[in-house]
Amino acid sequence: MELFTYARAASPADAIKAAAAASTAQQGAEVRFVAGGTTLLDLMKLDVERPSRVIDINHLPLAHIERMPGGGLRIGALVRNADLANHADVKQGYPVLSQALLSGASGQLRNMATTGGNLLQRTRCVYFRDTDTPCNKRRPGSGCSAIDGFNRTMAVLGTSEQCIASNPSDMNVALTALEAAVVIRGIGGERQVPIGDFFLLPGDTPDRETVMMPGDLITHVILPPPQDGARSHYLKLRDRASYEFALASAAVVLATDKGAIRHARVALGGVATRPWRSPEAERVLLGKPATPATFAAAAAAALRDAKPQSQNGFKVELAKRCLINALTTVAA
Amino acid sequence: MTSNEFTRRDMLTVAAAGTGALAGGSFPMTPAAAAPAKEGPESMPTLMDLSLSVNGKEHRLSLDPRTTLLDALREHLHLTGTKKGCDHGQCGACTVHVDGRRVNSCLKLAVMAEGAEVTTIEGLGDPDRLHPMQQAFVEHDGYQCGYCTSGQIMSAVAMMKEPWGSDDADIREAMSGNICRCGAYQNILAAIRQVRHG
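Sequence order for the protein chains is A and B. For the first sequence, the positions run 1 to 332 when our numbering is used. For the second sequence, the positions run 1 to 198 when our numbering is used.
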């Protein structure tokens, strides 16, 4: 681990000012906030992250879950994954989020990991984590070792010639289906970013993963009010039954009216370079009867543009079956 | 203590006396201090003075900020019951309680635990007065080599206060962050089941 100086932020303004001195908030950031530490410390031990300054934000007053006027929840960035998953309002109104959180990591890690940190969770691509190998995300221009290497766990959607790393988060897949917004405070003030705009596709700049700029501090995540009469579900498929990242996952929110689907939100995890909303699947579902044929058509639409690599072709079929299964569960 | 540590401390004493700016605790931050980390032998960490409350006792420490809670416990406080397995939050051998909640001590900087109450396996019970979970692990032979055991027990004790169901499947899921290389899972499950169901 590289040397760094440590300081505790006394206020959000204090944290923002310190982080604004960095040249980037993306890969290579000289200043990093630490909250749970479960991603940052891991990557610092691997020398993938080498901040010279670590700002501890754990003492900022951002650890509350509040009901919004008119419905919806405002979740503080420092709310731990375990507390969010087990919160009564989340279990009641947003079961897909509770299920997604509880399917990720371990009991220990969920006690540490935060809402803000989970949004910024990094890929588990083995080449990103190994500083001895080329990786465009870690060292832009060095090449992608995964495309011709071990790519069984990599993405099939949203990839580029530069990067095929999959986004590992479960929480973010649920937040995508729930159309959450990320509240960011920076040197220019506060802004709300829809979750669909928060994550960037790798394109030619896989080192840039989000819209975060130097000084930006995630303060809250806002969930809109639950859809009337909708049910939601998260299904995660993986190599072992627990404590493993998704090979494919699906977060779905569905409401039917007299047998016809009147509201559908579909997001996929484990198969894409960012949490993957599928408007294609949603269009197929809307107005149709909630039947196996409709679900199969939606799954086909969601994976139509999939680009499998040499070892991960199975993910295309796995993701389809995952989505069909999740839709069948909420429609039951 | 090695001569290397003497050198470091001597240098730091000089540096601190010279600038009066030794980092420690909560302090206002100065802007634009994003200097790149220096490399090479001349690069020395500024030690941080901090206080850790472990098993009900306060300890004053002066640590490299890179020191994890795990390393502070083992190397500086000599509480070696907490084990280092993977050092990346994947095995659970380093599980301790921070303010009563189980965490991976390898993924927490020691300085981040300042102001919190840390409990390790040494604070749970001792050979004459075993914690019921320790007793149950003995009775059910919930280990083979024993390396993961303190983490298993710390995790199991904390899990009892978490909102899990009562089935074996719930216990297995709740304990999935503690890997046992020997595969003593059946007996670990039996030990936890005994404590949970009395």
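Accuracy of the hints is not assured; some may be wrong.
[Stated by the list, open to error] Below are the DSBU-like pairs computed for lysine-lysine, each with C-alpha atoms no more than 30 Å apart in a straight line:
hint: 1; chain 1: A; residue 1: K91; chain 2: A; residue 2: K307
hint: 2; chain 1: A; residue 1: K17; chain 2: B; residue 2: K161
hint: 3; chain 1: B; residue 1: K84; chain 2: B; residue 2: K161
hint: 4; chain 1: A; residue 1: K288; chain 2: A; residue 2: K307
hint: 5; chain 1: A; residue 1: K288; chain 2: A; residue 2: K91
hint: 6; chain 1: A; residue 1: K91; chain 2: B; residue 2: K161
Bear in mind the hints are in silico, worked out from the structure with no lab data behind them.
Practice item. Of all the hints given earlier, name the ones this structure violates by number, lowest first. Key: 1 and 2
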